[in-house]
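We have chain A already, so just place chain B on it with the hints.
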Amino acid sequence: MRRFVRRPWRLAAEATALLVAVVVAFPLYWMVLGAFKPAGEIESDRPRPWTLTPTLDSFRRVFGQQEFGRYFVNSVVVAVAVVIASALIAFLAATAVTRFRFRMRTTLLIMFLVAQMVPVEALTIPLFFLMRDLGQLNTLWSLILPHIAFSLPFAIWMLRGFVKAVPEALEEAAYIDGASRARFLWQILFPLVLPGLVATSVFSFISTWNDFLFAKSFIISDISQSTLPMALLVFYKPDEPDWGGVMAASTVMTIPVLVFFVLVQRRLVSGLGGAVKD
Amino acid sequence: MSSGAASRRRLRVVRGRSRPRGGSRRSNTAPRPFGGWITPWLYLAPALVVLGGLLAYPVYQLGLISLFHFTQAQVSGGEPTTFKGFGNYAELFADDQFWQVLLATLLFAAACVVSTLAVGCALAVLLTRVRAVPRLALMLAGLGAWATPAVTGSTVWLFLFDADFGPVNRVLGLGDHAWTYGRYSAFFLVLLEVVWCSFPFVMVTVYAGIRAVPAEVLEAAALDGASQWRIWRSVLAPMLRPILVVVTIQSVIWDFKIFTQIYVMTGGGGIAGQNLVLNVYAYQKAFASSQYSLGAAIGVVMLLILLSVTLVYLRLLRRQGEEL
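Taken in sequence, the protein lines are chains A and B. 1 is the number of the first residue of the first sequence in my numbering; add one for each residue after it. 1 is the number of the first residue of the second sequence in my numbering; add one for each residue after it.
One thing to keep in mind: the hints can contain errors.
[Claimed, not checked] Each computed BS3-like pair below joins lysine-lysine, with the alpha-carbon atoms no more than 27 Å apart:
1) Lys216(A) with Lys257(B)
2) Lys257(B) with Lys237(A)
3) Lys216(A) with Lys237(A)
[As the list claims (entries may be wrong)] Simulated DEER-style distance windows between Cβ atoms:
4) Arg46(A) with Ser185(B): 20 to 30 Å
5) Glu91(B) with Thr139(A): 32 to 42 Å
6) Leu170(A) with Ser227(B): 37 to 47 Å
7) Phe129(A) with Leu316(B): 34 to 44 Å
8) Leu170(A) with Leu316(B): 30 to 40 Å
9) Trp50(A) with Glu91(B): 54 to 64 Å
10) Ile271(B) with Thr139(A): 29 to 39 Å
11) Val217(B) with Leu170(A): 23 to 33 Å
[Stated by the list, open to error] Quick look at which bits of chain A chain B covers, simulated, 3 or more residues with Cβ under 8 Å:
12) 114-121
13) 203-213
14) 258-264
Read the hints as simulated data drawn from the structure, not as lab findings. In this text the structure is predicted, and so the values were computed from the model without any measurement. Yeah, the Cβ is synthetic: ideal placement off N, Cα and C, and Gly gets one too.
Just chain A, same shape as in the assembly (with noise of 0.2 Å):
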């Protein structure tokens, strides 16, 4: 299509994308500058955009905090628990509602996509008193299990369209070469929908990682077995933010999950056309 592009106006749009994505990094790049900058310098009313003397103050501040590298450890715990259980356990059932026909399906289905639906922030209520009775409040698990629960139906309806992609011949050409069907699950199908488990991964790490609202409301005493967000809001108190903790404590968190981002970015992008073929 580009070829149908004129000259000056690919210039143009060329010029367009660069200032909206400088536009979009800011935010990114503020956090990360006022990470670094020394404290009387972020608390300056005529705010500069760089800053001449960096200091790791902030982060000296922020790991010294008790217990953070533990809540780093946690949460990145819980989130890699979500994404392997999650990945799994959607890759079977979305298996099992593209390759088979049987009664029900179309209901689980339907099932699926309105599980989607369901707010999870209001489930904090029950899920709390659940958590309670299973003796899991303060545990790991009380943010595990909910997220995989969350995750799923997501990524079982996303993962569908690449299960579905893969042709028909292919599952009849394994079976006929004497492939099982596990051999033919594991050692075919999986690595073909891997893109997609891939997309979907994005999807359960980030909720995961993003959540505070669980980790603040079932790890109530036992706060070693708590997660970032929470170690982030101790650096924020809306009447007097330390902005330099609250900046190095949002970068250190953000980290991760851009590393994830930039390692994932290829197969995400094809991941979701891959959807699109549907």
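Below, chain B alone, put in the same frame as chain A:
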């Protein structure tokens, strides 16, 4: 060599076909290790167990709690729970604040969805018109915004718009205007943050969708003398419709359920609750004032609204003739 392999294959096909398969009416040659009907249910079992225990059961409990009188006294076991029927709902619907919050939620979510879709689609089209370097720059900036956790995005935007230390007021010459004090400016600030972190999903998805349209189709249309607008309207838009429906519905779901941004950016719902949305309102009712049953009733109302969105979605899918 190739003919030998082919004949071996053919032989295997023949052998495969000749093996009797009991009961299966499917045309393919799938093995049935556990018997035909049970296999899909084995695949589904983990998902159903998790969803049943941690989603369906809590939803049922939510509905149940909304029908009882359930406050701190009942939670701690000091008083027995009493059945109230629809009393909580009656109390809720008689409250002016509930209707205000409901209206604010609907308008705010609609504004977020429309802005996100407009920005996302416009930038997706822009991405197809530029060379690799600007495209990569915009893509990476978008991924960065998308990757930012809601809590950190909220605090960073507050810092950008801070009355004393933020750069935005300086650049716009607004002095020490406090964005979070006014009802509309606070909602507007949250809207900006929401659009910033959610347009990349729309942009990347729609861009991937446009890329998935075969180039020959577009070239053929151009060769037939179709204008750019005509190509968009008659070729691209119909092919992109499924994806547009998906991103619209996802945006509706996400924006209607916004919690973190409002909670963090407006300090739990703004001054005197002027920036409350249903989700935060339910949370405040349940956990700040221990009226669990009222909070649960608000949750049920949200659930019903989102269910009606689902019905619209299903009808759209059916009209497109998509097989579920």
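Results of checking the hints against the structure:
1. Lys216(A) with Lys257(B): holds (18 Å)
2. Lys257(B) with Lys237(A): Given that 27 Å is the threshold and the Cα spacing comes to 24 Å, the pair holds.
3. Lys216(A) with Lys237(A): holds (15 Å)
4. Arg46(A) with Ser185(B): 20 to 30 Å: holds (23 Å)
5. Glu91(B) with Thr139(A): 32 to 42 Å: 35 Å Cβ-Cβ, so the 32 to 42 Å window holds.
6. Leu170(A) with Ser227(B): 37 to 47 Å: Once the Cβ atoms are compared, 41 Å apart, the range 37 to 47 Å for Ser227(B) and Leu170(A) holds.
7. Phe129(A) with Leu316(B): 34 to 44 Å: holds (37 Å)
8. Leu170(A) with Leu316(B): 30 to 40 Å: holds (31 Å)
9. Trp50(A) with Glu91(B): 54 to 64 Å: Holds, since Trp50(A) and Glu91(B) (Cβ atoms, about 55 Å apart) stay within the stated range.
10. Ile271(B) with Thr139(A): 29 to 39 Å: holds (37 Å)
11. Val217(B) with Leu170(A): 23 to 33 Å: Taking Cβ atoms as reference, Val217(B) and Leu170(A) lie about 26 Å apart, which means the hint holds.
12. 114-121: It holds: at least three residues are needed, and the stretch 114-121 of chain A offers 8 whose Cβ sits within less than 8 Å of chain B.
13. 203-213: It holds, with 5 qualifying residues against the three required.
14. 258-264: holds (count 4)
In this structure, none of the earlier numbered hints is contradicted; all agree with it.
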